[in-house]
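Student: In case you want the letters, here they are:
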Amino acid sequence: MPLQVRGEVVSVRRTGQYFVLTVTAPGVPELTRPGHFSALAIGDLDSSSLILRRAFSIYGVQSRGIYGGTLDVVVADSGPGTHWLTQRRRGDSLDIIAPLGRPFSLPREPVSCVLVGGGYGAAPLFMLAEQLRSRGCRVDMLLGASTEEKLFGVLEGKRIASTVTITTEDGSLGDTGRVTDLLPSVMDKANAEVVYGCGPMGMLAAIAGFAGQRGAHSQCAVEEAMACGIGVCMTCVLPVIGDDAVTRMVRSCVEGPVFRGERVRWDDVGSIPADALGAPVPPGERS
Amino acid sequence: MTRAVVGYDQGDTPAPSVDMTTTLGWFAMPSPVLTASGCAASGRELDQFFDVSTLGAMVTKSIMLEPRSGRATPRMAETPSGMLNSIGLQGPGIHDFIEHDLAWLRQRGVRTIVSIAGSTTQEYEELAKILRPHDGVDAIEVNISCPNVADRGQVFACRADTASGVIASVRRSIDPSVPVLAKLSPDVTDIATIAVACHRAGADGLTLINTTLGMVIDVDTMRPALAGVTGGLSGPAIRPIAVRCVWQVRQALPDMPILGVGGIRTGRDALEFILAGAHAVSVGTVVFHDPSAPKRIHAELASELAARGFSSLSDAISHAHRPPDAESLEALEDDEINPPEWV
Chain A
1 MPLQVRGEVV SVRRTGQYFV LTVTAPGVPE LTRPGHFSAL AIGDLDSSSL
51 ILRRAFSIYG VQSRGIYGGT LDVVVADSGP GTHWLTQRRR GDSLDIIAPL
101 GRPFSLPREP VSCVLVGGGY GAAPLFMLAE QLRSRGCRVD MLLGASTEEK
151 LFGVLEGKRI ASTVTITTED GSLGDTGRVT DLLPSVMDKA NAEVVYGCGP
201 MGMLAAIAGF AGQRGAHSQC AVEEAMACGI GVCMTCVLPV IGDDAVTRMV
251 RSCVEGPVFR GERVRWDDVG SIPADALGAP VPPGERS
Chain B
288 MTRAVVGYDQ GDTPAPSVDM TTTLGWFAMP SPVLTASGCA ASGRELDQFF
338 DVSTLGAMVT KSIMLEPRSG RATPRMAETP SGMLNSIGLQ GPGIHDFIEH
388 DLAWLRQRGV RTIVSIAGST TQEYEELAKI LRPHDGVDAI EVNISCPNVA
438 DRGQVFACRA DTASGVIASV RRSIDPSVPV LAKLSPDVTD IATIAVACHR
488 AGADGLTLIN TTLGMVIDVD TMRPALAGVT GGLSGPAIRP IAVRCVWQVR
538 QALPDMPILG VGGIRTGRDA LEFILAGAHA VSVGTVVFHD PSAPKRIHAE
588 LASELAARGF SSLSDAISHA HRPPDAESLE ALEDDEINPP EWV
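Going down the list, the sequences are from chains A and B. 1 is the number of the first residue of the first sequence in the numbering used here; add one for each residue after it. 288 is the number of the first residue of the second sequence in the numbering used here; add one for each residue after it.
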């Protein structure tokens, strides 16, 4: 169950093009699992003109220490709301709802896992890697971005994972190209049985595809635009196939953000597939 | 059950002794703060943050006859002090709603106003008939801001005849003991005309207002930001429009129960609606910002009323309509001042 807490900013540190925001969040660390996300309010209730929360996957939590429970999120300064967050200073107050959503599923057996992150989408993968390692899983990481400045967590990945493969589209660090160019070879080398991914839809679609071809499981955390993060606004839907083989428009905030790759109809994201439950009937076919 | 709001005033401190009970028609509620249709699903999600049985009532997301996928994404765009949405009435259909959502609300003891939506007058009538035998429906809110298939997709709410046609058929079909509220659109030339027509058609109350139609163009893609092109604008940006509608309808219909909605985020905002003539308020978009807002706004409204010397909410209803010299009259013959006579 999520908590709504009034937290206090502990620090805002710059890393590449991103900011890591650490904020007190009593009670949240104990409930958080890798893949959960948080929703942060922007500005004061009385004066802010930005009324929608911003959703961030949880990068890390610390349940003990001088600040009590704290939460880390990675923020890209990409608009007025996220800019406001990057300008917070130690001691500022923040309204946080966390943990939200369905986290990554972890394998019961110590199997080989590949973790793929696009840009700061990599944020939840490090907590995941730690937990997989503690279960005896082999962890290989693939981190990619358009350019070096937009990579996140390269050093941390090198500390945790058996191998870290870096790609940038401009070739400024690692291999030139996209993570998905190298994913098949990384999977084959590691004999991977599970692929975890977090990043843009196109990347997740490719991950689900490669995993499916190799008989591996895929766990994909989507980044959909959300207004509430708690399941009431119906904004963040995407077409997902259910256990009954029926496609429904499901909320990525409560039924995701992590989905089994083969269940998401990646090519139809952004539209309503004609065979989805309750899809509009074309005027000519109305009974 | 302890709920998940940490580090806030829980609102459990004794509120100022203001009688907050109110009514919508003959439906009595211990609180004037309700949720708004489409902003609170059917209650389970918000129940994680505060006890939804303490609400005046839950107004559920508009339900249609059949399951409905809604529109393509993007469905939302943030705007200054507001947002546009184009959800397209996604929902499970009335039968699934009764089996799961209504059953849960009844079992939790939540006062419930069921919002219904249709694309023909017959669909609204059928929804009312399907709901009729079921317990746990304290009132029906009729969402008439839906495209009317028989009228080239014009929304029912934009014409007095189509609006009142739907209301009359729902009023005929539902249990006579269940109040029927008509939810009106502000996108009309004269909202009072539509309000009067709905009143004559048998509406027991009015919900004012639905979202107002808006549009955002993404200047990077140079295309409409929403897949549905246009969307409903909600949030504090539309509050003055909503207050104006409540005021105008109150003047036209002095005794009509009114549920005020539109951009309320604090108790002060709620008080504006009460003073303009609302008997109760729905809080909608603010819930996306603060899921425990309904509880907070109830406490804030009680404080705001107490600070102005009101011992009951009902004394404040329509108070902004009093004549300019009312204060001096009040001192002389307090008993003879009765709000409906001022308007």
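Hints are not guaranteed to be accurate.
Said to hold, decoys possible - Below, in silico cross-link-like pairs of lysine to any residue (SDA-like), each with a Cα-Cα straight-line distance of 25 Å or less:
| hint | chain 1 | residue 1 | chain 2 | residue 2 |
| --- | --- | --- | --- | --- |
| 1 | A | 189 | A | 107 |
| 2 | A | 150 | B | 474 |
| 3 | B | 416 | A | 189 |
| 4 | A | 158 | A | 50 |
| 5 | A | 150 | B | 394 |
| 6 | A | 150 | B | 416 |
| 7 | A | 158 | B | 505 |
Stated by the list, open to error - Residues of chain A clear of chain B, computed beta-carbon distances all greater than 10 Å:
| hint | residue |
| --- | --- |
| 8 | 16 |
| 9 | 51 |
| 10 | 76 |
| 11 | 190 |
| 12 | 202 |
| 13 | 224 |
| 14 | 235 |
| 15 | 242 |
| 16 | 244 |
Said to hold, decoys possible - If the Cβ cut is set under 8 Å, some of the chain B residues that face chain A in the computed set are:
| hint | residue |
| --- | --- |
| 17 | 327 |
| 18 | 336 |
| 19 | 562 |
| 20 | 597 |
These are calculated hints, taken from the structure and not from any lab test. Ideal placement from N, C-alpha and C gives every residue a C-beta, glycine not left out.
Student: Hint by hint, which ones does the structure fall short of?
Tutor: 2, 3, 4, 5, 6, 7, 9, 13, 14, 19 and 20
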